Amino acid sequence: MLRLHLDNIYHSPAYLGIIGFILACMTLATFRRVIPARLPPLRAVKIEAMPLAANLAVRGDEATIRARVEDFFVRGGWLVRKRELGGIEWTFADKFNWARKGVLIAHVGFVLIAVGTTMYWKWGFSGQTAIVAGLAQTIPETGARFQLDRFNYQIEPIRTKSGIVYQPIDYVSQLEITGHDGIKRHLTLRVNHPLDVDGTLYYQASYGSAVDFGVTKDGRPASGAPGAALLEGEGFPLGQTDRSVQYERFVGTIDRNGGVSPDPRANNPGVILTVFDGDQNIGSVLVPLGRSLDVGNGYRVDVGSYTLYSGIQYRHDPGIPLVGLGAFVLLTGLCMSFYFLPARLYVRVDPCNDSPEDRPRWSIGLAATTVKGYEIFEEQFAALVEALRHAQSGHAFQAKPSDPAFAVS
Amino acid sequence: MNTDQILIVIAISAYIASALALFTYFLSRENVAKLAGIPFAFLGCITQFVELGYRYESSKIWPLTNLYGSLSLFAAMSVAIFIGFALRYDLWFIGGFVQALAAIFLAYGLTWNEGYLPAVPALQSYWIKVHVPLVVSSYAAFMVACVTSVVYLIKYYAEQNVGRSSMVRLRTAAAGPAGAAGLQMQALAPPRPRSIIVGDAPNLERAAAGGSALAGWLASFPSLAKLDIMTYRIISVGLPLLTVGIITGAWWAKEAWGAYWQWDPKETAALFSWTVYALYMHLHTRNAWRGLRSAWLSVAGFISIMFCYLGVNIWISGLHSYKM
Ligand code: HEM
Chain Z
1242 MLRLHLDNIY HSPAYLGIIG FILACMTLAT FRRVIPARLP PLRAVKIEAM PLAANLAVRG
1302 DEATIRARVE DFFVRGGWLV RKRELGGIEW TFADKFNWAR KGVLIAHVGF VLIAVGTTMY
1362 WKWGFSGQTA IVAGLAQTIP ETGARFQLDR FNYQIEPIRT KSGIVYQPID YVSQLEITGH
1422 DGIKRHLTLR VNHPLDVDGT LYYQASYGSA VDFGVTKDGR PASGAPGAAL LEGEGFPLGQ
1482 TDRSVQYERF VGTIDRNGGV SPDPRANNPG VILTVFDGDQ NIGSVLVPLG RSLDVGNGYR
1542 VDVGSYTLYS GIQYRHDPGI PLVGLGAFVL LTGLCMSFYF LPARLYVRVD PCNDSPEDRP
1602 RWSIGLAATT VKGYEIFEEQ FAALVEALRH AQSGHAFQAK PSDPAFAVS
Chain V
5 MNTDQILIVI AISAYIASAL ALFTYFLSRE NVAKLAGIPF AFLGCITQFV ELGYRYESSK
65 IWPLTNLYGS LSLFAAMSVA IFIGFALRYD LWFIGGFVQA LAAIFLAYGL TWNEGYLPAV
125 PALQSYWIKV HVPLVVSSYA AFMVACVTSV VYLIKYYAEQ NVGRSSMVRL RTAAAGPAGA
185 AGLQMQALAP PRPRSIIVGD APNLERAAAG GSALAGWLAS FPSLAKLDIM TYRIISVGLP
245 LLTVGIITGA WWAKEAWGAY WQWDPKETAA LFSWTVYALY MHLHTRNAWR GLRSAWLSVA
305 GFISIMFCYL GVNIWISGLH SYKM
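Heads up: the protein sequence lines correspond to chains Z and V, in order. First residue of the first sequence? That's 1242 in the numbering used here, and the numbers climb one at a time after it. First residue of the second sequence? That's 5 in the numbering used here, and the numbers climb one at a time after it.
Hint data in this document are derived by calculation from the structure and do not stem from the laboratory. All values reported here derive from a predicted model rather than from experimental measurement. From the three backbone atoms N, C-alpha and C, an ideal C-beta is built for every residue, glycine too. All the pointers check out, no bait thrown in.
Just the calculated beta-carbon pair ranges, DEER-fashion:
hint : chain 1 : residue 1 : chain 2 : residue 2 : range
1    : V       : K64       : Z       : R1426     : 28 to 34 Å
2    : Z       : K1402     : V       : S216      : 51 to 57 Å
3    : Z       : E1330     : V       : W293      : 35 to 41 Å
4    : V       : Y60       : Z       : T1379     : 40 to 46 Å
5    : V       : E61       : Z       : N1393     : 26 to 32 Å
6    : Z       : G1318     : V       : S169      : 45 to 51 Å
7    : Z       : W1339     : V       : L114      : 47 to 53 Å
8    : Z       : H1434     : V       : E61       : 24 to 30 Å
9    : V       : L218      : Z       : E1330     : 51 to 57 Å
Beyond 10 Å from chain V on every Cβ pair, some chain Z residues (computed):
hint : residue
10   : G1476
11   : V1501
12   : G1606
Computed footprint of chain Z on chain V; a stretch qualifies when at least three of its residues, placed anywhere within it, have a C-beta under 8 Å from a C-beta of chain Z:
hint : stretch
13   : 118–129
14   : 240–249
15   : 282–292
Throw the hints in and build the complete structure from the sequences for me.
This is the structure we're talking about:
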């Protein structure tokens, strides 16, 4: 199994350093860039110089025209604000102004997640234990006592196109658990259904077969035999010799030719033992249960019966609610900033210089900016200008593009 | 053939028919071809969902526990997302690519069909009904975004090439009689575009006006800015899906394995792809990054998605590898 061996990364100074660095960068970026770029102050712009700009010439008195402009935007759901800047009266119309904060909210979510994971690093713990059926274990960090009353697994042979597959369907631990209150509870633990005991979660992680081994020398019991059944991967030294034996793995079914059958169910079980001489591996053998293996110098290893054991993982993580909240906030921020296009229109109404005295003409100049550039708003802007012209209708006699880069008509 | 297989054959055939018609539309811009392709796109997609539903109903086994099921959903979702965007933004012209890819992925998925295999205990959770469809749908969205980016890149580089070759002509002409150079100059002076999103491939338009059929065809693609906006919009659908997908995956991992993040290869690859698209979103706010660089990022993002999806499943074993 290829793992990137970063499991303990939360505990490394490098991880903390990276989190700290990212947080510092985000804070800096947020204050230096995001806030100024996303929440620009209401200020005057050079309308003609903007890529999205238009100019409408209208007739009428100034107050009415201004009122109509304002009414047009308010009815369209725009947030309208007026400011006098440098002696000119500006009208600012904002759409989805609140969505400008989406980016900030996304970053807050990110910070919450970082804080949540750091809480685990500071106050959380995790570990694993294996309990042989009939025996009990006490979890060192919590003091909870787990006794495995029974362990069951279900594996089904399924015929697929490429042959029979032995598919694990279920594995279940029947436990007697004693928590802080000292009350014994009989509970069932299965995959995907962790148990919460005093704020620590326990998970059904794996299982295996523990096997009893005996050692004899010249037919008599010898020292070195393990006191308890061994789990897969464990081993023991052989009396006074340099040799040791490792219980490599359990084999459910030994086939007729003495080989390992793909059926993992315990039909004709055996174990694979590896013998070491010092550090040197001198070979592996498949030994059926109830038989013994001659390991030299008169020593024999007797392979006894097996008992199932349950592999349980546990984890106490006080940061989970915060990580959950952070994920939600992050997502809300993402949706706000992706699906809404905050746009700002800058509108000013100026007298037309070439207008005859008796028929005052005004030009409505408007320009637009969005947080996602100009291109994405161009079509909407054109439609908006059209609608504005309509709203002033009867009074608009000519629309002249203020900038050849954008034509209104 | 059982019902299952008949439905799959119908879906693949519909995708092929629709791919051919929409490719014809892509090449010829004949509306007839587009109108012929659309019903087949719908047919294939609907048949696939019916097939997935039928499979679940008849076996009571959630169909997304192996690569076959998830590739089926991937094909169906990419067509569904494409249809959604095509209806809204008239994106049918790229349909040939999407339909062809859907047919290929579905056919490839069939090679992983082992029949009905019940789920291992770790996969027996309601989360599989949330996490997998979300992630696979995000992959599908990124696939469609990759197609629009590729079309962008084709048009962009064609525009550059035409521009470069006319520069060469200009230089040759400038070396000749002064009068001729003056004329060429005038011809090459770009007309001021009327709009910022239309007419952003002036070289192609000029070459098309000069009689080049290829240039005419390329010029008839939507404008570069529009393709860029389209890619942005599709990624805006894909990234939140991937984000929720990763979050639900982490939540599920917490329930099944006890830790919401274990840096297994799938998680790491998904996080990497997520970062590429988050980067896309960040950089797309910069003028200099919209367009060409964004298009390349979207292509790179999809390559990383393909690695995360198929590469990790097939080549690397990890906590997610039972998905095969
Ligand atoms: C990993 C979690 C992060 C997420 C989900 C995230 C999300 C976003 C989003 C959605 C935007 C707006 C893009 C748009 O408007 O379309 C944004 C902008 C921005 N982000 Fe992040 N971000 C993350 C991390 C960071 C980090 C670590 C930094 C700094 C080192 C950063 C710096 C910025 C800056 C400077 C902008 C503004 C760009 C601009 O408008 O000029 N972000 N972020």
